[in-house]
Structures are given as C-alpha cells and as structure tokens.
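Assemble the whole structure, with the sequences as input and the hints as a guide.
Spelled out, the chains give:
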Amino acid sequence: MLEFIFLFLIVTAGTGGELCVSHAMKTLGEVHDFRPSALLQFVWRAARVGWMWIGVAFMALAFVSLLAMLSMENVSFVVPVTALSYAAGAIGATLFLGEKISKQRWLGVLVVCIGVTLVWLSRR
Amino acid sequence: MKDSPGLHLKTYVFLLLIVLFAPLGNVLLGKGMKTIGSARNWAPQELLHILLRILTSGYIWLGIACLLAFFVAYMLLLTWADYSYVQPASSFSYLVVAVLGLLLLGEKVSLLRWTGIAIICVGVFIVGHTHPRTTEKT
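Residue numbers (the working numbering), protein chains in the order written: chain A, 1 to 124; chain B, 1 to 138.
Calculated from the structure, these hints are not laboratory results.
Computed from a predicted structure; not experimentally measured.
Positions of the beta carbon are idealized from the N, C-alpha and C atoms, including for glycine.
Any given hint might turn out to be false.
As the list claims (entries may be wrong) - A partial selection of chain A residues facing chain B, derived with a Cβ cut-off under 8 Å:
no.	residue
1	25
2	67
3	83
4	104
5	105
6	112
7	116
8	119
Claimed, not checked - To give an idea of the interface, some chain A residues facing chain B are shown, with a C-beta separation under 10 Å as derived from the structure:
no.	residue
9	34
10	63
11	66
12	81
This is how it looks when you write it as structure tokens:
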C-alpha cells in the first residue's frame, strides 16, 4: 500500500512538474548557443520564470517519494514502474500544453502500460 | 519558421546523454537508500535521522550529480522538442537501469520483469518514431 502511494506521488508530482518546466522552457525558446557563458545566461533567464519554480517544487516532492520507494524495493523494479508517467505525460501534454498526440503515440503509451503491469506483478 | 538543419542529430545526441545519466543516477540512489534502509515507524525523529544519513551519503550525492547532468540535458532538449516526444523517447533508460541494477547491485531480475521491461521498450519504440514537434513554432 505504501509503495502504491509513493508510486502515485512519483508519477503525478513528477509529470506535473515536468509539464510546468516544459511550459516554462517553451516560453524561453530553442537553444542554439551552447557556450558556457550563454548557457549560464540561459539558466539565469529560466530561474526568473514562475512556472519553473512550481515545476521544481513538484519534482522535489517526486524525488523524495522516489528515495522512499528505493529504500523498500530494487531499482530494477522501481524505475520501470515509474514508466506509468507515460500515460500521465501524454494526457497532461494534451490537456495543458495543447500538444497533439497521434494514434500511434497513444498505442505506444498503451503498450508501455502493459509492460508496467507485468513489472508490477513481478514484485517480490 | 523552418526547423534548424541539425535538429534531429542534436536531438539524438541529447537523448544519448539522457539515457546514460538517468539510469546511472537512479542506480546510485538505489545503492544509497538500500545502505540507509527504510523507515519502520515513520516517527519524526526516525525520519530526521534518515534525512541526515541521506544528506551525508556519498552514493546519494553521486546519484544526484548524475541526475543533475541528466536534468540539464533534458531541459535543453525541451526547448526545441515536444514533451510528449522527449519523455517516451528518453525512456530506453528503463532497460539500461535493469542492466545496471543486475551488473552493479546484483539484483535478481525475474523473467516476468525482463518481459515487462522489454514490452515497455517496445512501447517506447512505437512512440519514438514520431516527429519531435507537433505544435506550431511561435
């Protein structure tokens, strides 16, 4: 039961956080200049976007949940079951970022979910 | 506006970095947390003690360093590629993490688990063969 709660937190907070960060990064635009000074300047600009901080807070919650789950289960179990974020990611990207998900991508997401179910069943 | 010429190559290089750093980071975190152990009664005092052990663990910090490298590569990639492309495509790391768990931590990976992970990768393969950008560039 505890493991299920932590998995839920990893998936929802992790995906929510990444959606916020993705939204923030899109407002900054594509990176063309990879020199260290330009990258530093980019990080500075990113730090001033509010969505970035909301995203980081969500990701921190997901990270703590990941540590808790890793203390209970093997890494070869924990990381694959977090692939459940695929479903959450596809749904979230459609709803909040206006990205169009093709039928082929939905099929991939479905297959991933089947895989996650099998890994979950392999729990000790 | 047209995509820049090296968009696909640049995308693959960053995907490779992501697929290497994320599993290595997770395996190091797993090693660290297994050494520390899980909470038994969830009392505040016990959780504080665990937090202290986490903050002073070399494995945890090494893992965090790997995940930071992953995170920077991931953020840069997200500036030009869609989230719904990046997340699935980067997830070959699920296979890499099981291999590293087996080789470095000696974890027992059952046939059922390998099958599940392989199916996850098939799903990833299906999703990965779509164009990096589905929304109009603004």
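> Can you give the numbers of the hints that this structure goes against, from lowest to highest?
Replying inline: none
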